[in-house]
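Engineer: As they're listed, the protein sequences go chains A and B.
Counting in the working numbering, the final residue of the first sequence is number 112, and the numbers go up one at a time with none missing.
Counting in the working numbering, the final residue of the second sequence is number 225, and the numbers go up one at a time with none missing.
Treat the hints as calculated values from the structure; they're not laboratory data.
Just so it is clear, CB atoms sit at the ideal spot from N, CA and C, and this is done for glycine as well.
Take the hints with a grain of salt, since some may be wrong.
[As the list claims (entries may be wrong)] Distance windows between CB atoms, simulated:
no., chain 1, residue 1, chain 2, residue 2, range
1, B, V156, A, Q41, 43 to 51 Å
2, A, E82, B, G128, 17 to 25 Å
3, A, G62, B, K138, 25 to 33 Å
4, A, F60, B, R162, 27 to 35 Å
5, B, G171, A, S51, 30 to 38 Å
6, A, N59, B, N206, 17 to 25 Å
7, B, N142, A, S65, 23 to 31 Å
8, A, R30, B, N164, 23 to 31 Å
9, B, E127, A, T38, 29 to 37 Å
10, B, P120, A, G16, 33 to 41 Å
11, A, P8, B, R166, 42 to 50 Å
[Claimed, not checked] Residues from chain A that face chain B, not an exhaustive set, calculated with beta carbons under 7 Å:
no., residue
12, L90
13, F103
14, G104
15, P105
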Amino acid sequence: KAGVTQTPRYLIKTRGQQVTLSCSPISGHRSVSWYQQTPGQGLQFLFEYFSETQRNKGNFPGRFSGRQFSNSRSEMNVSTLELGDSALYLCASSSGGPETQYFGPGTRLLVL
Amino acid sequence: SQQGEEDPQALSIQEGENATMNCSYKTSINNLQWYRQNSGRGLVHLILIRSNEREKHSGRLRVTLDTSKKSSSLLITASRAADTASYFCATALNSGGYQKVTFGIGTKLQVIP
Numbered sequence: 001k002a003g004v005t006q007t008p009r010y011l012i013k014t015r016g017q018q019v020t021l022s023c024s025p026i027s028g029h030r031s032v033s034w035y036q037q038t039p040g041q042g043l044q045f046l047f048e049y050f051s052e053t054q055r056n057k058g059n060f061p062g063r064f065s066g067r068q069f070s071n072s073r074s075e076m077n078v079s080t081l082e083l084g085d086s087a088l089y090l091c092a093s094s095s096g097g098p099e100t101q102y103f104g105p106g107t108r109l110l111v112l
Numbered sequence: 113s114q115q116g117e118e119d120p121q122a123l124s125i126q127e128g129e130n131a132t133m134n135c136s137y138k139t140s141i142n143n144l145q146w147y148r149q150n151s152g153r154g155l156v157h158l159i160l161i162r163s164n165e166r167e168k169h170s171g172r173l174r175v176t177l178d179t180s181k182k183s184s185s186l187l188i189t190a191s192r193a194a195d196t197a198s199y200f201c202a203t204a205l206n207s208g209g210y211q212k213v214t215f216g217i218g219t220k221l222q223v224i225p
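Please model the complete structure; the sequences and the hints are all you need to start from.
Structural biologist: Structure, rendered in structure tokens:
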């Protein structure tokens with residue numbers, strides 16, 4: 001099976017812009033989770049989608065949003081970018097139960 | 113807030129030595145997982161241990177879990193330069209019919225050839 005893919009891999013934006021990141025899970029996986037990773041904070045959970053519904057959400061401002069499509073692909077959107085949003089954004093998929101999460105390579109976002 | 117806290121935050125050893133990393137957590141869990149991350153890349157799952165298990169092995173990896181102390185350890189035996197990476201523990205708790213996973217801040221391991 002193909003692994004989790006994320007696009008784009010690298011992105012440079014300026015403050016105030018918005019960005020959309022994409023994640024394609026492993027075929028058959030219905031759960032997609034998003035994480036923000038920064039050197040100081042480690043991996044911070046953003047949200048999880050399962051069968052097109054958000055079923056878990058971390059403590060991030062409303063500028064961070066996401067959605068999941070019927071084919072389980074997920075997108076994450078960040079509006080009004082701030083310098084502090086510079087990070088590696090990781091998505092992970094699982095079949096939905098208490099099993100292993102499979103991570104994509106991440107999208108590295110730099111906000112100038 | 114982070115559920116798991118790894119200790120030490122950084123570890124440097126010689127190739128061939130054993131590396132031990134610890135993870136402490138605060139609440140009850142259903143399972144605990146260890147992941148490896150090579151610099152700037154995605155995480156790779158290493159091993160999962162359930163709350164009713166005490167020890168698990170996978171190749172050169174040995175994981176222990178002490179639910180009374182709310183702690184886990186990851187032992188890598190006969191380390192290799194390729195083991196250089198960051199290692200994260202992740203605790204999972206079933207909540208409302210789904211699994212809530214929380215990661216620690218990681219231990220950065222350097223294996224010197």
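Engineer: None of the hints should be skipped; say for each whether it holds.
Structural biologist: Hint-by-hint comparison with the structure:
no.	hint	in the structure
1	V156/B - Q41/A: 43 to 51 Å	violated (21 Å)
2	E82/A - G128/B: 17 to 25 Å	violated (46 Å)
3	G62/A - K138/B: 25 to 33 Å	holds (27 Å)
4	F60/A - R162/B: 27 to 35 Å	holds (30 Å)
5	G171/B - S51/A: 30 to 38 Å	holds (35 Å)
6	N59/A - N206/B: 17 to 25 Å	holds (20 Å)
7	N142/B - S65/A: 23 to 31 Å	holds (28 Å)
8	R30/A - N164/B: 23 to 31 Å	holds (26 Å)
9	E127/B - T38/A: 29 to 37 Å	holds (30 Å)
10	P120/B - G16/A: 33 to 41 Å	holds (40 Å)
11	P8/A - R166/B: 42 to 50 Å	holds (44 Å)
12	L90	holds (6 Å)
13	F103	holds (4 Å)
14	G104	holds (5 Å)
15	P105	holds (5 Å)
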